[in-house]
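Chain B is already provided as a structure; the job is to place chain P on it using the hints.
There are 2 protein chains.
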Amino acid sequence: MTRKALTELIFERRSYLCVGLDAEISKLPPHLLHYEDPVFEFNKQIIDATRDLCVAYKPNLAFYEALGAQGWQTLEKTQAYIGQSHFTIADAKRGDIGNTSGLYAKAFFETLNFDAVTVAPYMGSDSVLPFLAYPGKWVILLALTSNKGSGDFQFTPQEDGQPLFIKVIEKACSWALPEQLMFVVGATHPDAFAAVRRAAPSNFLLVPGVGAQGGDLESLSRSGLNADCGMLVNASRSILYAGNGEDFAEKARQEALAIQQQMDKLLDLCQFNNS
Amino acid sequence: MTRKALTELIFERRSYLCVGLDAEISKLPPHLLHYEDPVFEFNKQIIDATRDLCVAYKPNLAFYEALGAQGWQTLEKTQAYIGQSHFTIADAKRGDIGNTSGLYAKAFFETLNFDAVTVAPYMGSDSVLPFLAYPGKWVILLALTSNKGSGDFQFTPQEDGQPLFIKVIEKACSWALPEQLMFVVGATHPDAFAAVRRAAPSNFLLVPGVGAQGGDLESLSRSGLNADCGMLVNASRSILYAGNGEDFAEKARQEALAIQQQMDKLLDLCQFNNS
Chain B
1 MTRKALTELI FERRSYLCVG LDAEISKLPP HLLHYEDPVF EFNKQIIDAT
51 RDLCVAYKPN LAFYEALGAQ GWQTLEKTQA YIGQSHFTIA DAKRGDIGNT
101 SGLYAKAFFE TLNFDAVTVA PYMGSDSVLP FLAYPGKWVI LLALTSNKGS
151 GDFQFTPQED GQPLFIKVIE KACSWALPEQ LMFVVGATHP DAFAAVRRAA
201 PSNFLLVPGV GAQGGDLESL SRSGLNADCG MLVNASRSIL YAGNGEDFAE
251 KARQEALAIQ QQMDKLLDLC QFNNS
Chain P
1001 MTRKALTELI FERRSYLCVG LDAEISKLPP HLLHYEDPVF EFNKQIIDAT
1051 RDLCVAYKPN LAFYEALGAQ GWQTLEKTQA YIGQSHFTIA DAKRGDIGNT
1101 SGLYAKAFFE TLNFDAVTVA PYMGSDSVLP FLAYPGKWVI LLALTSNKGS
1151 GDFQFTPQED GQPLFIKVIE KACSWALPEQ LMFVVGATHP DAFAAVRRAA
1201 PSNFLLVPGV GAQGGDLESL SRSGLNADCG MLVNASRSIL YAGNGEDFAE
1251 KARQEALAIQ QQMDKLLDLC QFNNS
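Here the protein sequences come in this chain order: B and P. Under the working numbering, the first sequence has 254 at position 254, and the numbering climbs by one with no breaks. Under the working numbering, the second sequence has 1174 at position 174, and the numbering climbs by one with no breaks.
For reference, chain B alone in the conformation it holds in the complex:
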């Protein structure tokens, strides 16, 4: 999906919500456990309940790999079920030497037909570039993650005094245009958002950490939104597990709707230029 198509989707649906499809068997509503593939049934009902309220879906690979080959099949079915109406992100945090990253790109962009994949920056340019060889496909590079351990290396000042996550953003911006490159910036670091926007004024930011992890949507949006919106805000657990009964999908919808309604208002901050 191109940047233009993504931006249009956002302003049509009045939403920059990304729903994280991270189902754990142990947390599923009990009545789903009778299905042959409970995770797929759960995903299907969550997707049906949220399609018009979000612009992106983001399955995290760990949740599928924990189930082995069967989980990988569930992921394939889920991705096919979403179809072309949404921006799809494989939250895989991959990255390897060049020829190997090329195979990851093949896995996510050809075999599974995702629009984007999250990539870890540690191995540098040739671990990232193979993903950029696919026109219309995106790299979403980890810059500042939402977890506590982000403090271990990401904030450490480099020789020029800038923290590592800014160096990652600056280097990566020399590898790719904003048409193919987003950054992961955790909602749990509101103080760093302005610095990220200065380093990457035009790039989309994928923002996890709203909801269960505690980030505040409004204040993040005020510092993160740009003229093209420029943000995808992910919520997983707060939507997926809003209910645990037979009405879990309806509860999930209510939660997603509350977020979408807030986003509808916040999008007015973008001064979107339709031309």
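One should not assume that every hint holds.
Unchecked claim - Dumping the calculated SDA-like pairs for lysine to any residue here, alpha-carbon to alpha-carbon at most 25 Å:
#	chain 1	residue 1	chain 2	residue 2
1	B	Lys137	P	Lys1148
2	P	Lys1171	B	Ala192
3	P	Lys1171	B	Pro163
4	B	Lys77	P	Gln1070
5	B	Lys106	P	Glu1036
6	B	Lys137	P	Glu1024
7	P	Lys1148	B	Ala133
8	P	Lys1106	B	Ile25
Unchecked claim - Rough simulated footprint, nothing fancy, chain B against chain P, three-plus residues with beta-carbon under 8 Å:
#	segment
9	1111 to 1122
10	1141 to 1147
11	1151 to 1157
12	1165 to 1174
Simulated from the structure, these hints should not be mistaken for laboratory data. Every residue, glycine too, gets a C-beta built ideally from N, C-alpha and C.
Showing chain P alone in chain B's frame:
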């Protein structure tokens, strides 16, 4: 596998060779393409030809994921075929927020029963710790990778003047004992080996980059070996693709044997203490 068991295996087999099981369909000997699962057949014959010459096998996940759910099944079959006689490494370079890393740990240590998984350090402590919750299982943390892009971030001096890869090693050594923690150090950086050994005198190092990528086994071993051997040296392409005919496995064996014979001599440098 415990560190003691691994060390004993190394000195029994007189080898610290790890064979990377990274088969690409397009590079397989043509006669294998008639099999129902050509990659598994290839792996099986490579394993049969090298079992007594190596102590570890390391499938890189990208090569399997590129084939989708089918590839994941090939990986499960390959891992089962190796059995308990070797140290098995899932070269996955994973890492995510705590609860998600826990699911990756489940995928590789429970579902697939690997002994070790490679992990990327960028997300810090809570992305690594869930893998350490499995006694007898190992984290192999990326420190200094073999690729050209390693120059982008890994060598950058931090505020104390040390390069990032040394900071990664020092921090990680505060998270885990050498009984569960190895480091990836590329054979393409011989000048950095001594610094790595100073920062991690007791840890095993997993060393990719010998063979196709150009690293020299003898000089690396001279600076990397410690009393317990402390190294696993990986070769993939140079062994897997030593031949491309019906005798590919025999050619692979000859290549592995040449490495093992060199390692047999080099192990005398360890002054191994059997007590």
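- Message: Under 8 Å between beta-carbons, do enough residues of the segment 1151 to 1157 of chain P, three at least, approach chain B for the coverage claim to hold?
- Response: Coverage by chain B holds here, the residue count being 6 at a Cβ distance below 8 Å.
- Message: Checking one constraint from the list: CA of Lys137/B to CA of Glu1024/P, max 25 Å. Satisfied?
- Response: Within the cut-off at roughly 23 Å; holds.
- Are Lys1106/P and Ile25/B close enough, with their CA atoms no more than 25 Å apart? holds (13 Å)
- Query: Taken at face value, is the distance from the CA of Gln1070/P to the CA of Lys77/B at most 25 Å?
  - Reply: holds (14 Å)
- Query: Taken at face value, is the distance from the CA of Ala192/B to the CA of Lys1171/P at most 25 Å?
  - Reply: Distance ~23 Å between Lys1171/P and Ala192/B Cα, so the pair holds.
- Task: Quickly compare the C-alpha distance for Lys106/B and Glu1036/P to 25 Å and report which way the hint goes.
- Result: Holds, at roughly 22 Å.
- Query: For the segment 1141 to 1147 of chain P, do three or more residues have a beta carbon lying closer than 8 Å to a beta carbon of chain B?
  - Reply: holds (count 4)
- Stated coverage of the segment 1111 to 1122 of chain P by chain B [criterion: 3+ residues, CB within 8 Å]: Check passed, 5 qualifying residues.
- Stated coverage of the segment 1165 to 1174 of chain P by chain B [criterion: 3+ residues, CB within 8 Å]: Since three or more residues must qualify, the claim that chain B covers the segment 1165 to 1174 of chain P holds, with 3 doing so at under 8 Å.
- Message: Tell me if the straight-line CA distance from Lys137/B to Lys1148/P falls inside 25 Å.
- Response: Roughly 24 Å separates the two Cα atoms, so the pair holds.
- Does Pro163/B lie within 25 Å of Lys1171/P when you go C-alpha to C-alpha? holds (17 Å)
- Hinted pair Lys1148/P and Ala133/B, Cα distance within 25 Å: Within the cut-off at roughly 18 Å; holds.
Figure legend: structure checked against the earlier numbered hints; every hint is met.
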